[in-house]
Every structure is written in C-alpha cells, then in structure tokens.
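Asker: Listed below are the residues making up each chain.
Protein chains: 2
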Amino acid sequence: MEAFECVFCQKNYPVDPFHTFCPKCQEPLLYIGPQTDKKFHHNKDHPLEVMLDFLPLDHVNHDLSLGEGNTPLIRLKNVEKNFRLPALYAKNETINPTLSFKDRGTALAIQKAISLGIEKIGTVSTGNMAISTAAYGARAGIKTFVLVKDGAHREILNSTGIYNPVMINVKGDYGELFRRSFSLGKKNNIYFTNSVDPFRIEGYKVTAFETFFQLDQRVPDFIFVPVSSGGHLIGIIKAFHELKQHGFIKKYPHFVGVQAEGCSPIARTFQAKKLSVERIEKAETIAKAISNPDPPGGNILLRMIRRAGGTIMSAPEDKILEAQRKLAELEGIFIQPASATTLVGFLELAEKGKIGPKSRIVLILTGSGMKASKKTKKSDAQVLQASLSDLPDIIKSVKSD
Amino acid sequence: MEAFECVFCQKNYPVDPFHTFCPKCQEPLLYIGPQTDKKFHHNKDHPLEVMLDFLPLDHVNHDLSLGEGNTPLIRLKNVEKNFRLPALYAKNETINPTLSFKDRGTALAIQKAISLGIEKIGTVSTGNMAISTAAYGARAGIKTFVLVKDGAHREILNSTGIYNPVMINVKGDYGELFRRSFSLGKKNNIYFTNSVDPFRIEGYKVTAFETFFQLDQRVPDFIFVPVSSGGHLIGIIKAFHELKQHGFIKKYPHFVGVQAEGCSPIARTFQAKKLSVERIEKAETIAKAISNPDPPGGNILLRMIRRAGGTIMSAPEDKILEAQRKLAELEGIFIQPASATTLVGFLELAEKGKIGPKSRIVLILTGSGMKASKKTKKSDAQVLQASLSDLPDIIKSVKSD
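Chains as they are written, first to last, in my numbering: chain W, 1 to 401; chain P, 1 to 401.
Simulated from the structure, these hints should not be mistaken for lab results.
One or more of the hints may lead you astray.
No copy labels: a pair is met if it fits in one copy or bridges any two.
[To be verified] Lysine to any residue pairs mimicking SDA-like chemistry, simulated, CA-CA at most 25 Å apart:
| # | residue 1 | residue 2 |
| --- | --- | --- |
| 1 | LYS326 | LYS358 |
| 2 | LYS187 | LYS399 |
| 3 | LYS44 | ASN70 |
| 4 | LYS81 | ASP150 |
| 5 | LYS44 | ASP216 |
| 6 | LYS39 | ASN70 |
| 7 | LYS171 | SER397 |
| 8 | LYS326 | ASN158 |
This one's a predicted model, so the numbers in the text were calculated from it and none came from an experiment.
Given only the sequences and the hints, what does the whole structure look like? Please build it.
Answerer: What follows is the structure, encoded as structure tokens:
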C-alpha cells in the first residue's frame, strides 16, 4: 500500500524513517501513499488534519504540534505598483512557530516518529532546521541530537540551545557529516530528519495545498521557492502532482527554484542542461540559509522540474539584500536573505518579459529576518537625533514626500 | 452611536484618533460601539472579519493586513506533568507577523487610520511596538514616525529600521516624551498609536475572542497576561466584558496581570489596595518589554480588575529566565522574558493553592525569544565537541535518561 520509492530506479522500499536514500543509486526516496480516493477536510482547524488523506499519518497528535501552518498568503500590491507587475502574492512561511518553513517538515516528521515509537531524533544543520528540530523535539519530550558545523553562528547556537537538545559541534566536512549521520542514526536508534527526509518533504506539501485553497482553488502561474538542498521545492512540486492526480487541477504552475549565485550548484546544472549536480567547492553567499554546495536533493529536483515544467535560476548576490529591504520598506515583511532570492528571481523574469501581464505569482518566503545575522539587518534608515525641546522642529522638518 | 468614553468621569467624547486621554482627568479613553445585536462571523478567514461586529471597523482592507492573528492555543501537557498542574494552555501571540502581540493592536489602528484618511502615524517605543508600527506603516505606505528612547537596543533599531520609518532618537524623560507625542501628533497630523490608544486596545480584544472560541466557547478560569502600560490586559478584559454583555458568557475569568518585580508599579498599587498608581523612579528588570515605570493605563486597569475580578502580581526577577528556559525545554516555545512572567505568576499561585485542580488556565505569550537580547538567550545547553572520527563514540556516550 504505502512505500518509499526511488524514482530513478523505479523501485519501492518499505516505509522506514531510517532510510532516506535509495540503497542502489543513493538518491533520496519519496513517500508514496495508498492510491485511494482522497479529499480535504476543510471542517478541521489544524492544517495536518485538513490534509490528512494526502499525508503519511493516521491521525494528528495535538500534543506534538506547536501550531504550525495556516500561514498568511498576502497580496503585495505595493511591489506590484512599484514595478508595474501582475498579481503578486507572498506565502509567508516565516509566521511559523520557530519562524521558518522548516516547522512544516519537522511537525510531520515528529508526528510520524512518535507514532512509530521512535525515542530519539536528530538533524544536521547550521540554521533554521537546527532551531526547528530542537523545538519540536522538546515539545515531544524526546532526546534530540543537533549536529552543527564547526563555526556555526553564535546566534543560531543560542536560539537552538534554549530548547536544550544534545548539541554537537563537529569539525570536518559538512557533506560527509550529513551522509554519516544516517548510519550513525541507524546504529543508535536516532531518526535523523535531515533536509531531504521523505517525511519532512511530506510536511512541505501542506504549504502548497494551503496556497491552492487560499487562491480559491486556482493554480498560480508561477511559484518561486528558495532552493538549498532541494527538499522544500520537491515537496511543493509533489503536492501539485498529487492535486493533479486526484483531479483537483489540470495544469501545473511554472515552478521556479532560486539559488543564491554564490552557491548555485543546481541552477548551474539546470542552465547547462545536465542531469547530475556537481558539488561546488566554495560556497560564498549572503544567503546563508540556502548555502549547500553539495545538495542531496539536486538530481531528483532537476528531474521533477523537467517533468512538471519549471526553471532553476540563480539570484545575483548584489541584488539579494536590496530585495530584502524592498520587501520590508514596501510591504512591511522582513525576511532572511535566502527568502529575498525569490523576489530577485521574479523581478529578473519579469524584466525579461517572461511573465505575462495577467499572471498570478506566488513567492514562498521561508525564514524571518528577525533571526538573521546583524550583517543582513543593515537598513537605509537614518536615525535622527533630538532632545525633548527640539523634537517639535525636527518632526516638522520631515518632508511628507 | 459610537464614542470615546472616560470611565472615570463617565463622560463621552467624539471618536477621534488624536484623543487618547480624557481632557478632564487625563485617564485613557475607551472606545464604545453602537449597542446593536452582535454576532461572530465564523465563515470568514480573517480574525478582524470574524469579530467585525465587535470592532470599530466597517470592513477590513486586506491590503493593510500582514496576516495577523489566528494564533495557536496549545495545551502545555509537559508543564502540567512536570509541576502536577491542571489544564494549562498557551495562547502564542509570538506567532504574529512581527513576532509580538503588538501586531493585533497595530493592525486595528492602521485599518482605522486609513479608513479615516490619516496619512501619518507614529509611536513611542523601545521595542516590540516600534517594530510592529514600522512594519504596518510600511505595508500601508504611509509615513511612520518612531520615537525611541535614547540608548535603545541596537538590535531593535535594526529590526525597526529595515522598514524605513522616520526614526528619531530622543534624549530626555521617556514618560514626558510619551505624553508630548500626542500634542506633537495633533499639530503635525500624525496619529500616535501608543500603548493605550483606544483603537489599539480594540485590536487586543481579538486575542480574547479567539481564545474563547478555541476553548469551544468555554471561559478559562484564569488568564495570565504580562503587564507594562496596561493596554493589552485592558483590551482582554474589555473583550470578556462584551462577551458577557452580549450573552455569550455568564462569568468572567480570573484576570491575572503580571509585572516583573523590578518594574511593578501597578502590582504594588494593587497589593497596597490603593487606587492610583504612583510612578516608580527606577526600573530595573530583565523583562525589558514590560519595563514601564509610569504606566498610562495603570489606574483604569486597576479599576477594571477590581470590577471584573482579578489580581495584579509581580514575578520575582530571579525566576523569570528560569521560566523562560522551562517553557523552551519542556514545550519547545521560546519567548521573551516579559512573557515568561506569566508562567512565574501562575506557578506561584498554584503553589499557594489558589488554583483548583479542575481549573482551565491560559497564559498569553506576548513576544518571541528570537528577538530578545543575547543576555536572555543563555541556555543550559552544553555544546559537545567532536571530529568526524570520534563522533560515533560521542553519540553513543550520550545517556538516554
């Protein structure tokens, strides 16, 4: 009935949280559920319950939830006006319990873990995922291992440490650490829910389903998603695939994955029309949250994009912070640089005339600017100086423009 | 039909965003709406639309919204177990667009401002409110003035500045600045939506309404709210008052306002059974977000608490960070110290036997720990050190306890 599938080898394996990759070709496995009739339960409040038929869960344990999901989809009319653009929406995944889209995946993974009697979880991360996994592990009351790269940002360590996980700072190659975590997990009964964990990817589907219903069951023409390991966009494409399969939609959106130029191995491969992503040696980008030089989901993502229709592009580094500021100044939404790549990518395609005037576009905003590093919080804002007595004159002097 | 009311002078004034205080007694005014039949519109998605009959709005302009509200109410079973407590819930207001409850009030104020044709807004704040007002001002595309106290935290200035408001750093007494902002606003057509703005308070009501419906229309026995200027708790009490007035409930919750001991002018006044709050000279608390030595809503809050039933208490400074950590470690929720005072207050009342074993308790969590200062992010978490080769042994050595 249900299985983990390797789309490359066209082979099914038993569902097993300790198997993220195909033992034959080492590509990530995807969960496939029973092929029964499925519907959405709109009378439910919790998004995982609304989407239950489409997820690898029998029920939702509310004691494990932190209230993830039901994030706003908001129209960006000021950006539209400013750049003379068609209907533009932001799906704001930063309004999640730990301020990033990772909570979608972690929420699903933790539901699954507890239902299977798993007692230890883990993750390999230097950012959003570390925080999210530590938080949900604490909520579930299970031992949580967070393996971080040596030299990780102090701010992230603090925000992860507050949940009191087992944090291990590991010296050595990060890609190697990522791969080894799985065998270590297996040996020690720790379910490593890393970036391309099949259950985590199932959680990301929920974002796409929500967006579809928030648009009154219309398919966006374009959907822009920041790409690092690939897991997030894989989940979103998979959701639209299932919507099509079950007759809810007839066509796909044009999926646009955006990487930061300083670390864009998947975009390079896509542009070169190659099939297999090559690891890059040096990643240097302001968009730390999507800085993965050796993305484990790269090949499967390229395959899915080619089948469903879409693009993987890269956002020039010098435009990322500018887009981040624009979104804050024009719409009051403060995001991480990683998320700002979607606006950069969109503006580039619009400028090239690739987006029709009647299009409906969705940008998926993945992480909050509030937890970004100081360097990325530099604003153009000037701070005027006043005393109580000269304040009236200073206020008067501000032009209304 | 509608008016701004002074509950002390029992006098009504015209509704006017440029009038926050009674011209006679200088106490904050409260909005009163037309006394028609009111109902909730549960078929709507946006909380302001669900509650529209109870709010000073004719309609909701979605272009001004950042998707505030619909925050989770989650059961804290681990805290319950750990401390042997009755049913405990957290209303997590940190999952709002700018990570604090202020967005509830700002969202309402900005709707009202734009519907009245106001072109400039402002606020006086050193923290959450500055960020929230700057964000909503940007979203509305209007000039936004943020007056900050000299010496405000750099982190807050950055997170506010990103939205590009007019920021003015004002030297001099903060209480004086607060009061003067209103006359300056009037002169310069800037609507100052400060902490006890009647429209802001109307926005806080929505949190109480949501909680009531999330509890399947049951009234919590106790509701704990951090108290600074008083505006937030005033709004919450007002909401339950209106629920009673319109026949939705028969009794009030026991309202518990919690201040941090190092700045607890309202709690002191309450405990001393006095009516009029005296400004304290020196505020020294770890809970910066509720550090107001001269709370403008103090007297009206005391009056409302005495009428509806409740307490204003203070949380010992040395227990605040401990409670903050406990909530993170046990439930995966990371809050500002200001919010942690609710858990401290609750545990104290529980210990004193003041909370029955069958009670239903709600803690209102007001601000995210992610934007708190570094000092308050110190966790107990130990970071283990490993290389790739000794990682297996280190993982194995971690006890399962």
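Asker: For every hint, state whether the structure bears it out.
Answerer: Here is what the structure says about each hint:
1. LYS326 with LYS358: So LYS326 and LYS358 pass the 25 Å test inside one copy only (23 Å; across, 51 Å).
2. LYS187 with LYS399: between (66 Å within a copy, 15 Å between copies)
3. LYS44 with ASN70: For LYS44 and ASN70, both the intra-copy (12 Å) and inter-copy (14 Å) Cα distances are at most 25 Å.
4. LYS81 with ASP150: Classified as neither: same-chain Cα gap 44 Å, cross-chain 36 Å, threshold 25 Å.
5. LYS44 with ASP216: both (17 Å within a copy, 13 Å between copies)
6. LYS39 with ASN70: both (18 Å within a copy, 24 Å between copies)
7. LYS171 with SER397: between (55 Å within a copy, 18 Å between copies)
8. LYS326 with ASN158: Classified as between; 15 Å across copies, 29 Å inside a copy.
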